[in-house]
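K.L.:
Those sequence lines, one after another, are chains A and B. First residue of the first sequence? That's 289 in the numbering used here, and the numbers climb one at a time after it. First residue of the second sequence? That's 640 in the numbering used here, and the numbers climb one at a time after it.
Simulated from the structure, these hints should not be mistaken for laboratory data. Keep in mind that a hint or two might mislead.
List time: in silico DMTMM-like cross-link candidates among lysine to aspartate or glutamate, alpha-carbon distance up to 20 Å [said to hold, decoys possible]:
{"hint": "1", "chain 1": "A", "residue 1": "Lys530", "chain 2": "A", "residue 2": "Asp551"}
{"hint": "2", "chain 1": "A", "residue 1": "Lys508", "chain 2": "A", "residue 2": "Asp551"}
{"hint": "3", "chain 1": "B", "residue 1": "Lys836", "chain 2": "B", "residue 2": "Glu705"}
{"hint": "4", "chain 1": "B", "residue 1": "Lys856", "chain 2": "A", "residue 2": "Asp298"}
{"hint": "5", "chain 1": "A", "residue 1": "Lys534", "chain 2": "A", "residue 2": "Asp551"}
{"hint": "6", "chain 1": "A", "residue 1": "Lys508", "chain 2": "B", "residue 2": "Glu705"}
{"hint": "7", "chain 1": "B", "residue 1": "Lys785", "chain 2": "A", "residue 2": "Glu440"}
{"hint": "8", "chain 1": "A", "residue 1": "Lys571", "chain 2": "B", "residue 2": "Asp875"}
{"hint": "9", "chain 1": "A", "residue 1": "Lys310", "chain 2": "A", "residue 2": "Asp421"}
{"hint": "10", "chain 1": "B", "residue 1": "Lys836", "chain 2": "B", "residue 2": "Glu683"}
{"hint": "11", "chain 1": "B", "residue 1": "Lys838", "chain 2": "B", "residue 2": "Asp727"}
{"hint": "12", "chain 1": "A", "residue 1": "Lys310", "chain 2": "A", "residue 2": "Asp324"}
{"hint": "13", "chain 1": "B", "residue 1": "Lys789", "chain 2": "A", "residue 2": "Asp299"}
{"hint": "14", "chain 1": "B", "residue 1": "Lys856", "chain 2": "A", "residue 2": "Asp383"}
{"hint": "15", "chain 1": "A", "residue 1": "Lys508", "chain 2": "A", "residue 2": "Asp453"}
{"hint": "16", "chain 1": "B", "residue 1": "Lys865", "chain 2": "A", "residue 2": "Glu543"}
{"hint": "17", "chain 1": "A", "residue 1": "Lys310", "chain 2": "A", "residue 2": "Asp468"}
{"hint": "18", "chain 1": "A", "residue 1": "Lys534", "chain 2": "B", "residue 2": "Glu886"}
{"hint": "19", "chain 1": "B", "residue 1": "Lys865", "chain 2": "A", "residue 2": "Glu426"}
{"hint": "20", "chain 1": "A", "residue 1": "Lys571", "chain 2": "B", "residue 2": "Glu886"}
{"hint": "21", "chain 1": "B", "residue 1": "Lys789", "chain 2": "B", "residue 2": "Glu799"}
{"hint": "22", "chain 1": "B", "residue 1": "Lys789", "chain 2": "B", "residue 2": "Glu683"}
{"hint": "23", "chain 1": "B", "residue 1": "Lys856", "chain 2": "B", "residue 2": "Glu683"}
{"hint": "24", "chain 1": "B", "residue 1": "Lys775", "chain 2": "A", "residue 2": "Asp369"}
{"hint": "25", "chain 1": "A", "residue 1": "Lys530", "chain 2": "B", "residue 2": "Glu868"}
{"hint": "26", "chain 1": "B", "residue 1": "Lys838", "chain 2": "B", "residue 2": "Asp719"}
{"hint": "27", "chain 1": "B", "residue 1": "Lys865", "chain 2": "A", "residue 2": "Asp551"}
{"hint": "28", "chain 1": "B", "residue 1": "Lys655", "chain 2": "A", "residue 2": "Glu543"}
{"hint": "29", "chain 1": "A", "residue 1": "Lys310", "chain 2": "A", "residue 2": "Glu440"}
{"hint": "30", "chain 1": "A", "residue 1": "Lys533", "chain 2": "B", "residue 2": "Glu868"}
{"hint": "31", "chain 1": "A", "residue 1": "Lys310", "chain 2": "A", "residue 2": "Asp453"}
{"hint": "32", "chain 1": "B", "residue 1": "Lys655", "chain 2": "A", "residue 2": "Asp551"}
{"hint": "33", "chain 1": "A", "residue 1": "Lys534", "chain 2": "B", "residue 2": "Glu868"}
{"hint": "34", "chain 1": "A", "residue 1": "Lys310", "chain 2": "A", "residue 2": "Asp383"}
{"hint": "35", "chain 1": "A", "residue 1": "Lys310", "chain 2": "A", "residue 2": "Asp298"}
{"hint": "36", "chain 1": "A", "residue 1": "Lys533", "chain 2": "B", "residue 2": "Asp727"}
{"hint": "37", "chain 1": "B", "residue 1": "Lys655", "chain 2": "A", "residue 2": "Asp541"}
In this text, all values refer to a predicted model and were calculated from it rather than measured experimentally.
Letter by letter, the chains look like this.
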Amino acid sequence: MILVFAERSDDELYRQALTFAKGLDRGEVQAVGIDDPAGYSPDGWGAALTQITEERGPTVVVGPGTDRGNEVLAHVAARLDLPLAANCVEATTGDPLTLTRVRWGGSLLEQARLHGTPALLTVAPHAVAADDDSTEIEPIDAPPTANVRVSEHSATVTAGVSLADADVVVSGGRGVGSADGFSVIEELAALLGGAVGCSRAVTSAGWRPHTDQVGQTGTKISPSLYIACGISGATQHMAGCKGAKKLLAINPDNEASIFASADYAVFGDLHEVVPAISAEIRKTRSVGGASGGGGSPR
Amino acid sequence: MKILVCVKRVPLTGGKMVLTDDQRAISTRHLGFTVSPHEECGVEEAVRLIEQHGGSSAVLTLGPPEAEEQLRDMMALGIDRAVHLVTDGEEWDPQATAQAITDAIRSESDPYELILFGNESADAGNYQVAIRVAHKLGLPVVTGVKAITKQDGELRCEQEVAGGRDVYAVPIPAVVTVKEGLNLPRYPSVPGRLRAKRKPLETSTPARPEPRLEMVKLTLPPGSGKQAEVLGSGADAAPTVVTVLHELGLV
Numbered sequence: 289m290i291l292v293f294a295e296r297s298d299d300e301l302y303r304q305a306l307t308f309a310k311g312l313d314r315g316e317v318q319a320v321g322i323d324d325p326a327g328y329s330p331d332g333w334g335a336a337l338t339q340i341t342e343e344r345g346p347t348v349v350v351g352p353g354t355d356r357g358n359e360v361l362a363h364v365a366a367r368l369d370l371p372l373a374a375n376c377v378e379a380t381t382g383d384p385l386t387l388t389r390v391r392w393g394g395s396l397l398e399q400a401r402l403h404g405t406p407a408l409l410t411v412a413p414h415a416v417a418a419d420d421d422s423t424e425i426e427p428i429d430a431p432p433t434a435n436v437r438v439s440e441h442s443a444t445v446t447a448g449v450s451l452a453d454a455d456v457v458v459s460g461g462r463g464v465g466s467a468d469g470f471s472v473i474e475e476l477a478a479l480l481g482g483a484v485g486c487s488r489a490v491t492s493a494g495w496r497p498h499t500d501q502v503g504q505t506g507t508k509i510s511p512s513l514y515i516a517c518g519i520s521g522a523t524q525h526m527a528g529c530k531g532a533k534k535l536l537a538i539n540p541d542n543e544a545s546i547f548a549s550a551d552y553a554v555f556g557d558l559h560e561v562v563p564a565i566s567a568e569i570r571k572t573r574s575v576g577g578a579s580g581g582g583g584s585p586r
Numbered sequence: 640m641k642i643l644v645c646v647k648r649v650p651l652t653g654g655k656m657v658l659t660d661d662q663r664a665i666s667t668r669h670l671g672f673t674v675s676p677h678e679e680c681g682v683e684e685a686v687r688l689i690e691q692h693g694g695s696s697a698v699l700t701l702g703p704p705e706a707e708e709q710l711r712d713m714m715a716l717g718i719d720r721a722v723h724l725v726t727d728g729e730e731w732d733p734q735a736t737a738q739a740i741t742d743a744i745r746s747e748s749d750p751y752e753l754i755l756f757g758n759e760s761a762d763a764g765n766y767q768v769a770i771r772v773a774h775k776l777g778l779p780v781v782t783g784v785k786a787i788t789k790q791d792g793e794l795r796c797e798q799e800v801a802g803g804r805d806v807y808a809v810p811i812p813a814v815v816t817v818k819e820g821l822n823l824p825r826y827p828s829v830p831g832r833l834r835a836k837r838k839p840l841e842t843s844t845p846a847r848p849e850p851r852l853e854m855v856k857l858t859l860p861p862g863s864g865k866q867a868e869v870l871g872s873g874a875d876a877a878p879t880v881v882t883v884l885h886e887l888g889l890v
């Protein structure tokens, strides 16, 4: 039997974990969710999942690769002193279980053997497509005596479109040169109704707040179009934008590694290219917006 | 306060990763080294907490002899002393790492009040060492923290979640894992670097147990296979770019 931890802070990732579990073998899959009116408690939920694991004796326990999925499974692993493989993209049951998991935010894959029963796994986001199956989630109680628990929640009010949800993201890297240099990036983002992003070099320099960072240690984005301006394409950055459907890279160095992942390339200094694109968009719109035949005014 | 920050030496990867011939590591012949980004913020936070509340700070790593470089770097930023658990360069799995760190923490005569980790290491990303250490020490643990405030005998820890922030009140002593964005780390000063050379560094060589999460080999994910369409150079590319934006339905 395979036990799935129904951590549903992101329902899509939970359903992917369920699909992953069903693909492991033809055995029974049971999904359990924690019923905790007092709110989230990492170790309290870990204790509850540990107890159900001990009672039912699954061969594998699978959780989603969400923050809470990884956290609760780690508490189970610590309590049972069992190995845990986080963010798996593939697994094959056996003795030992063999698996492939992501490293470096997805820039590298690790093939590994997991020596322990039950095998504890979390599933990397988007490793599998969720099927439509609706396995019933059985609620289990969490112990009331957890020592660490969410005691308050404050909602963030974001003005405009958020980086994670934006359909277009325009980002600047080291090539922007200064905090003030971002005015051209902001202008283009505003014209496209998109959000402004940046690379880690920019947040480390203090030019933009960390909330703008796209990357392995920043926000993971999946816009229809990502415009990367003056960004070299370090793996740290690419780990955050690989979900983008189309990537336009603007960089003066035509050997920059970002071009290996780009759909469209413009060679040149962003301080010349980006204002010219903004001006061209304004020109297009001022002649009626619906200028067919490719949109560039003749 | 007495604070410990645990860090890991990792290569500064550029745009492209190259593996060693045996496929068990990244080829680092042309790379520099650093600590994981989240951990840089952990070190900065420790230095700020000590500046604010007084006390002492230590940095700990489990890693090869060369990791002394990172320990000195962290001491250059204001950490008082270092503990180096020296390995032969072979990778340790999360359970073995947590046990070695726990043993080192227990050997302190005066216990730490706060033990900081990065939320996950930049390279292996196992998301579990801190939680294992907390369980072994019987301490509370909060992960992924982006703001820490000390008030009385408690830490107020804020975590970013979808749509806002969750707040945890954690009694001290505690284990906390942090994420980048917690603060903006300072750069080392020249006097800081000079002082770091003379700060105390203790070493020990724990024995590596058999891994239970056993790395077999590393592989590169399949490339994008993309061949970028060149839209032009300089400002002259703008009309073609706008044509593409139009085709994508964005203007």
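K.L.:
Would you check the hint for A/Lys530 and B/Glu868, treating anything up to 20 Å between C-alpha atoms as holding?
P.N.:
At roughly 18 Å apart (the allowed maximum being 20 Å), B/Glu868 and A/Lys530 satisfy the hint.
K.L.:
Keeping to a limit of 20 Å between CA atoms, is the pair of B/Lys789 and B/Glu799 held or broken?
P.N.:
holds, 18 Å
K.L.:
For the pair supplied as a hint, A/Lys310 and A/Glu440, is the alpha-carbon distance within the 20 Å limit?
P.N.:
The hint is violated at about 36 Å.
K.L.:
Sort out whether A/Asp551 lies within 20 Å of A/Lys534, counting only the CA atoms.
P.N.:
At roughly 6 Å apart (the allowed maximum being 20 Å), A/Asp551 and A/Lys534 satisfy the hint.
K.L.:
For a C-alpha distance cap of 20 Å, please report whether A/Lys571 and B/Asp875 respect it.
P.N.:
Holds - the C-alpha atoms of B/Asp875 and A/Lys571 are around 15 Å apart, at most 20 Å.
K.L.:
Would the pair A/Lys508 and A/Asp551 pass a check requiring their Cα atoms to be no farther apart than 20 Å?
P.N.:
Status holds; Cα separation ~19 Å.
K.L.:
Taking 20 Å as the top limit, are the C-alpha atoms of A/Lys534 and B/Glu886 close enough?
P.N.:
holds, 12 Å
K.L.:
Given the hinted pair B/Lys865 and A/Asp551, is their Cα-Cα distance within 20 Å?
P.N.:
At roughly 7 Å apart (the allowed maximum being 20 Å), A/Asp551 and B/Lys865 satisfy the hint.
K.L.:
Going straight from one Cα to the other, do B/Lys785 and A/Glu440 come out at no more than 20 Å?
P.N.:
holds, 15 Å
K.L.:
Keeping to a limit of 20 Å between CA atoms, is the pair of A/Lys310 and A/Asp324 held or broken?
P.N.:
violated, 26 Å
K.L.:
Does the structure keep B/Lys836 and B/Glu683 at a Cα separation of 20 Å or less?
P.N.:
holds, 19 Å
K.L.:
Can the restraint linking B/Lys856 and A/Asp298 be considered satisfied, given a maximum Cα separation of 20 Å?
P.N.:
Outside the cut-off at roughly 31 Å; violated.
Hint violations for this structure: numbers 4, 6, 11, 12, 13, 17, 19, 23, 29, 31 and 36, all remaining hints satisfied.
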